[in-house]
Amino acid sequence: MATAVHNSDAPAAPDAIVVRFAGDSGDGMQLTGGQFTLSTALAGNDLATFPDFPAEIRAPQGTLFGVSAFQINFGSREINTAGDAPDVLVAMNPAALKVNLKSLKPGGLIIADTGAFTKRNLQKAEYETNPLEDGSLAKYDLLAFDISARTIEAVAPFGLGNKDALRSKNMWTLGLALWMFDRDRKPIHDWLKQKFARKPEIADANIAALDAGHAYGETAEIAGPLKQVELPPVPSEPGLYRTVTGAEAISLGLVAGVQLAELPMFFGGYPITPASAILHHLARLKEFGVTTFQAEDEIAAICAAIGASWAGSLGVTSSSGPGIALKTEAMGLAIMTELPLVVVNSQRGGPSTGLPTKTEQSDLYQAVYGRNGDAPMPVVAARSPSDAFDCAIEAVRIAVKYMTPVMLLTDGYIANAAEPWKVPNPADYTPFPAKFTTEKQGPKEEGELLPYARDEHGARPWIKPGTPGLMHRIGGIEKAEGTGHIDYAPDNHQRMTDARRDKVLGVDVPDQDVCLGEPGGKLAVVGWGSTFGPIHQAVGRARAKGCDVSQIHVRHIWPLPANLGELLRGYDHVLVPEMNTGQFKTVLRDQYLIDAIPLTKTSGQPFQIAELEAAIGKFFDDIEGNEGGEVPANDQQLPSTEAD
Amino acid sequence: MNAPANIETTLKDWVTDQEVRWCPGCGDYAILKAVQRTLPELGCDPAKTVFISGIGCSSRFPYYMETYGFHTIHGRAPAVATGAKLANPELDIWLVTGDGDGLSIGGNHLMHVLRRNVNMQIMLFNNEIYGLTKGQYSPTSREGTRSPSTPLGSYDHPARPAAFALGSGARFVGRGFDVSKHLPDVLKAAHAHQGAAFIEIFQNCIVYNKDVFDDFAAPKGAEDRQLWLEDGKPMLFAGDTKGITLNRETLSLEVVDVTDGDWEAAGVIVHDVKNRSIAHMLVEMPFGPFPMALGVLYDDPHPTFETAVIEDRARASEGKQADLAKLLGSGQTWTVDGTAQDPQ
Ligand SMILES: Cc1ncc(C[n+]2csc(CCOP(=O)(O)OP(=O)(O)O)c2C)c(N)n1
Ligand code: SF4
Ligand SMILES: [Mg+2]
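Residue numbers (our numbering), protein chains in the order written: chain A, 1 to 644; chain B, 1 to 344.
Since the hints were derived computationally from the structure, they do not count as laboratory data.
Keep in mind that this is a model prediction, so the values were computed, not measured.
Where hints are given, some of them may not hold.
To be verified - Partner residues aside, some chain A positions facing chain B, computed with beta carbon under 8 angstroms: (1) Val255; (2) Phe293; (3) Gln294; (4) Leu333; (5) Gly475; (6) Ile477; (7) Lys618; (8) Ile623.
Even glycine gets a Cβ: it sits at the ideal position worked out from N, Cα and C.
Let's have the full structure, built from the sequences with the hints guiding it.
Next comes the structure, spelled out in structure tokens:
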């Protein structure tokens, strides 16, 4: 990958570049990143982003824990991850440099604002000497100059005070970045004009700052240290595109799902990182028949969703870590009462409060097995922000068709990361309208009320309270087959346990495909969830080196695709990388008695491509460059922020 | 409640074919009968009436009502009921809970359903004991209650359900007891109230806490120990020989003697169901020095939660179309030929 941004002796032009914008929370780095993302998308590059903001609400200015960063990986080829390590680090203050430096590639470029490297800021960042001057950055390329002063200069004609003027610093920096990658400024101009439509002088000042940053690039090029880089566009299907985060995609997918099911949606939530974003999105989509309810806790959130499902809406609830744990008992109730429900789990590091802002895949056992009693429940896992849209629709479909709660797994990484998404056409999805039973259905002549009769899929009828003549009672106590009356009889419990199991095992899960490679061979790398990106890249690179390795990425965690066992038996080895201690590996071993080999990581950081590549390499000692190299322990590529 | 349906039914229409499983002599039977007797009088529609409960002896109630019913999980019925009401505001919801279900494990949900003012009738069967789990003391048990888990007597201070409800923001607080002939009147008043109506019903657990309410509920001498409150009527008891007055200096209630029916001369106050301050005093009024306050203690309706939710949804949807294709294509968009779309 590229380090050639600044180096004229560099070999070929890079095909992908990782840039990290880092500054104080108040420096507007997320906005800069967002607009740079848009410009990257417009340039036709593929991309993946990772916004990394502090969990503190208002961290004191200039402090290490107040650093906000936005990383983007973009290129002239397919991009699936936010990048292992940045090639370029933009550091708007000393704290941003300190926190992010460890992830920068050796030889990478640092762009720093000397204007913010004041004595006070250096102190706050716990620097004893100024790193820009003490030679400690020798192994990197350093471009340090006074961005603050240049910004003030650029916006001077607009009569803003210094404090206001400095707020355009991020636009100045964005201008420079736009120059570096030869980007069109017009879309950003348009965006600024629209954003500040009511304050045209602010729009003008920001545009001036942006243009000044851009002009600086041109001059600096003449001066030497900076080179312009061109990344040709990736050919992609024509059509309308947008950027989407996982939280957005899930919200949109849920809305699309209930439209396809022709149901209103009731969403019960209780604030928790990183799941809250879904509650926030849906709260703004009420015109789509969505009711959002901020409950008093996660238990109430799921229970209200169950009550709503009973009354004829699709109940949806969403949480993370500890909140999902609280919902457990109520999931059992939904399983027992056989009501449709979608439980979205935005996984984060655990146990307990764990690592609220860090990503992990450690709730798989909980999703598949984690309830009292034999309590089967379908589980679907999203692999990327855009995939989350289809997964949400799939979760709704299964819930409605089989009258069952479904868990939709995503994680902190997917929730916050953005990627380009070809906007789907709702008309391309087959509707699956929910059916409500309004008449007695039993075999007796006069008709008998059988709330626990089963259709050909094993699903019971959905009878809304309010339906004349069909009054009946449901609850968490074991139900008699058919009538649904309380029934503790041994043979009935046996039959009902079997029926609940068989219903879930019978869910129409599509056959598993091979994402990359062949159905059989030496090694299959089997993943699920947000590890898709790094696995895809690592398998691709290994294959380019001649390794007989394939990628299988599983969406349906429970029930598993019917062909998965046979498919996996076609490989000599099965490697299962996961951001947990090996949970999916256990499921695969249990279901197929195969020797699934775990590759685990629980540092709160996504897998790096390089570490996966190295792990794959160990299976191919005969291929050059793969002599069982060590897995680099670089967990620093995404700096941590503390929170709870 | 909702607008009366005026459906003609008889008590029998509200009885299920399920065998009632409470212990013989349990106060729950009387409450069941009172409810089954009241609903036909209210003209309720069984198809639109729902009973939602938690877990406990009391929470078995829905199985015996020929309506829609949901026997949920321990303590969570208020949350399930809130979701059901928001999904279908037409439903006429009765919530059944116990002192353990509603005030131990479900105290939080009970507080929130009351403060939100979700339109439903909430009956808390207070037997001052955990019946279903075989007699442990409960959050309403009196100090010194001997139970399997407190062999030497309990030592925590009991919660007072009516005070809890009022403190949580309830706009209707009623009280009755299982065998009282006035219970249907309290139920009717609760049903007439728009919003969350809380009714504490003292219930005799004949097996684990037999006759604990006899001190005020026993028929003999009941007159002297029960203060049945009626809106606009003086607070009189003991055959109108005693009454409740307000000491305006200490801001507290006092019992006064009434001679020759001249309650005004005695300073007896007139019950005003909308007076929240007096309601606070009534729910706190200690039994013993005072009679047990029963009937409708407080009734002052306030806009309901589901109305607010519906209004909010309408406001949020105003002038907007539910166009999914348009929604999906909003945000930062572009086409592959490189033209930027206006950010929306
Ligand atoms: C989560 C959970 N914890 C504990 C129980 C056991 N449990 C069932 S009912 C009950 C107490 C019921 O007391 P109360 O609400 O007063 O009802 P009563 O039986 O007295 O009518 C308990 C502790 C349970 N069912 N679920
Ligand atoms: S245990 Fe008590 S409350 Fe429960 S049914 Fe028996 S008498 Fe009634
Ligand atoms: Mg009790």
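To see whether the hints hold, each was checked on the structure:
1. Val255: Given a least distance of 7 angstroms, the restraint on Val255 of chain A holds.
2. Phe293: holds, 7 angstroms
3. Gln294: Hint on Gln294 of chain A: violated, closest Cβ of chain B at ~11 angstroms, above 8 angstroms.
4. Leu333: holds, 5 angstroms
5. Gly475: holds, 3 angstroms
6. Ile477: holds, 7 angstroms
7. Lys618: violated, 40 angstroms
8. Ile623: violated, 37 angstroms
When the structure is compared with the earlier hints, violations turn up for hints 3, 7, 8 and for no others.
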